[in-house]
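Asks: Residue-level listing of the chains:
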Amino acid sequence: MDIFSNLFMGLSLAITPINMMYLLAGAMVGMIVGVIPGFGPSAGLAILLPITFGMDPVPAIMMLAAIYYGAMYGGTITSILLNTPGESATVASTFDGFPLAKNGRAGPALVMQAVASFVGGTVGVILITILAPMFAQVSRSFGPPEYFLLAVMGLLTLIVMIGDHWKLGVISALIGLALGTVGVDLETGQGRYTFGSAELIGGIYFIPIAIGLFGLGELFYAFYQGLHKTGTGGIIKYDEEKEFWPSKMDFVSTRMTMVRHSILGFVVGVIPGAGATIASLMAYSTERSLSKNKDNFGKGEMAGLVAPETANNAASSGAMIPLLTLGIPGSASTAVLLAAFLMWGLRPGPLFMEQNPELAWGLIASMYLGNVALLAISIFAIPLFVQLIKVPYRLLGPAIVVVCALGTFSVNASFVETYLMFAAGIIGFFMRLYGFSPAALVLALVLGPLAEEALRQTMTISRGSFGIFLERPASLWIIGVTFVLVALLPLMGRFSNRADAAKKAGT
Amino acid sequence: MRIAFLFFVLAAAIYYAFIAFVDLPFLTRSGRLGPGFFPRIVGTTMVVFAIWVLVDALREVRKSEIDESSWGDVVKLMLLGVGYAVLLRLFGGFVASVIYLGVSLLAINPGRHLQNTILSVTIPAAIFLLFDRLLNANMPPAMFELPF
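Chains as they are written, first to last, in this note's numbering: chain L, 13 to 519; chain U, 54 to 201.
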C-alpha cells in the first residue's frame, strides 16, 4: 500500500507542466544522442550533465534519467537502418533489425523496437517500484565493511566482464582509484598528489574526466575509425505510409518474447558490471535457442530484434536498483547519474528513499511517464531521426568538442577542469584504441574514495583485523555473491558471445 | 604506439607509487591507517600490472593493424582541441568557439565555405544562448576582448 501512495505522490510531482517539459526534452535529446554512432547513454549523460546545473534537483534528475533511457531507445535506429549500432548495447539489434529493413520491413522493425523498448523499460520500472524499497530495507544493516565489499564487487564484476583484456581492465580501474586519491585526505588533512595546486585540493572532479573519456575519447575514436569519411548512402529507405505499421502477427508472435526478456534483462541489469550489452546478447541467444524458427534468425526474424531491445531497456532500469538503494553504481552510465545526485548534495543509499521520498518516487514515477513519451517520440519522430542520421560526422565532431568544452567549464568555472577534460579525451582515445576500459576507470573514480573511506573505517572498527569481513553475516553474503558472480559472469559472457558467433557463421 | 602508451602508463604508475611510499605515511600517529595506505596498495598493484601487460605486449610485438591513414584526422582534431583550450582562455567562450569551429570545419569539411561559416556562428550562438541566457551557467570569460 505504501508503494502505491508513494508512487502516487511521485506522479503528482512529476506531472507538472515544467517537469513534463524537462522530461520530454531529456527524452528527445537522449534519443538524438543515442542516434549518433559511438555515443551511448554514458556519453550523453556526461556531455549533457552541465545543462542541468541551473535547475532544481527534481526536474534535473528527471531530465537526466530521460536522457539515460532515451539514449537506449535511440541507439537502435541506426542498427536497423544503417547496420551500425549506436552503441554496444544495440549490437544485437543489428542481427535481425538490419535484415528486416533490407527485406522491406524497416517501418515495422522501427515500430516494434520502440514497442519492445517500451515494454522492457516499463516492466523494469514496475520491478524497481516493487523491489527498490525491499533492497533499501535489506541494505540498512550494511556498515563500512559491506560498503567496501560492494565497491570491490562492482569493480570486480566489471573487470571480469571485460574478458580477454581483463588485465587492461584492472589497470583502468587502478588509474581510476589513483585519481580518486588526489586531494586532501579527510581524516588527516594531509594533501595527496596536489603538487601545491589549489585547484587539486578538493580532488579531481569526476565530471571533466567523464566528459573527456566518454565525449571526446569516443569522438576521437569515431574519427579514427573513419566515421567522418563514410556517408550515409547505405541507409535503408522505406515508404512511411505503406510500409510503416507492424502486422497483428508481429505483436502476437513476440508477446512472450517481450515478457521473458524484460525479466531476464532486469535481472542482468541489477548485477553490477553486467549491464545492457550482456543483457541484449544473452536475450538474443536465449530467444534463438527457444524459437521454433531458429533458421530465420539473422535473416530478419522479428523476435530476434524484439528480444535484445526488450532486454537492454529492462537492464537499464535494473541498473537503477543498486544506484538508488546502495549508492553503488553498477555501470558507467549510473556512475554519471550518481555524480549528478552528489552534485545536488544527495547521497543515494539505504536511507535515500526514506529521506528523499519526493525525489526518489518522483524519479521512479517519471520513468513510467518517460517510457510512454519515448514510445510516442520513437514512433512519430522516426522521420526526424532518419534525417539526423544523415548529418555527416565531420560536422557533428567539432560541434561536440565545443559542447564538451563549454559544458565542462560551466560546472565550476574552472579552466583547469577544461584542460583536464581535453587531457582525459586524448587519454580516453588511447585507452579505447588499445583495449583499456574507460568505463572501469570512471566507475573506480567514483567508487574509489567511497571504498577507501569504508576500508579505513572498517580497519578502525576491527582494530586492524581483516577478519571482520568473515565475522559479519552481511559481509559473508556479499563475499559469496561476489564469488558466484566472478565465476558465473564469464560463462554468461561466453553464452552471449555465441549469439555473435552464430551471426558471423550466418546461421 | 601501443608500447609507448604502455610505457607511459608504467611511468605514471611508478611515479604514483613512489610518492605514496616517500611522501604519504602508512599509519597516522595514533596508529590508524594513514593517507598512504590506500595509494601504496593501488600504486604497487598498478606497477605490477603495468609491467605484466608491457611484457605481454613486448612478447607479441606484431605488425600494427592500425590503418595509418586514419591517424591524420584524429591528430588534427586533437591538436585543434588543444588550440581551442588555449583560445578559450584568451578570447572567452563565444569568440573562441567561433574561431575553433571555423578553423576545424575548414580542415575537416573543406570546400563548403558557406555551410562552414553558418555553422561556425550559429552553433556557438545557440550554445551561448542556452548556457548564458537560458540556464545562467558560467561561460569562459575573455582575457583579451576583441576590438569588434
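Since the hints were made in silico from the structure, they are not lab data.
Computed from a predicted structure; not experimentally measured.
Beta carbons are placed, not taken as given, at the ideal position from N, Cα and C, and that holds for glycine.
Incorrect hints may appear among the rest.
[Claimed, not checked] Covered stretches of chain L (in silico footprint by chain U; criterion: 3 or more residues with CB under 8 Å from a CB of chain U, positions within the stretch not fixed):
# : segment
1 : 57 to 65
2 : 221 to 235
3 : 400 to 414
4 : 436 to 443
[Unchecked claim] Here are the computed distance ranges between Cβ atoms for each label pair:
# : chain 1 : residue 1 : chain 2 : residue 2 : range
5 : U       : Val139    : L       : Asp176    : 33 to 41 Å
6 : U       : Phe197    : L       : Gly116    : 53 to 61 Å
7 : U       : Ile56     : L       : Gly116    : 44 to 52 Å
[As the list claims (entries may be wrong)] Pulled a few chain U residues facing chain L out of the computed Cβ check, cut under 7 Å:
#  : residue
8  : Arg55
9  : Ile56
10 : Phe58
11 : Ser83
12 : Val95
13 : Ser157
14 : Phe184
15 : Pro193
Asks: Does each hint hold? Answer for all of them.
Replies: Tested hints:
{"no.": "1", "hint": "57 to 65", "result": "holds (count 3)"}
{"no.": "2", "hint": "221 to 235", "result": "holds (count 4)"}
{"no.": "3", "hint": "400 to 414", "result": "holds (count 8)"}
{"no.": "4", "hint": "436 to 443", "result": "holds (count 4)"}
{"no.": "5", "hint": "U:Val139 - L:Asp176: 33 to 41 Å", "result": "holds (40 Å)"}
{"no.": "6", "hint": "U:Phe197 - L:Gly116: 53 to 61 Å", "result": "holds (59 Å)"}
{"no.": "7", "hint": "U:Ile56 - L:Gly116: 44 to 52 Å", "result": "holds (50 Å)"}
{"no.": "8", "hint": "Arg55", "result": "holds (5 Å)"}
{"no.": "9", "hint": "Ile56", "result": "violated (10 Å)"}
{"no.": "10", "hint": "Phe58", "result": "holds (5 Å)"}
{"no.": "11", "hint": "Ser83", "result": "violated (10 Å)"}
{"no.": "12", "hint": "Val95", "result": "holds (5 Å)"}
{"no.": "13", "hint": "Ser157", "result": "holds (4 Å)"}
{"no.": "14", "hint": "Phe184", "result": "holds (6 Å)"}
{"no.": "15", "hint": "Pro193", "result": "holds (5 Å)"}
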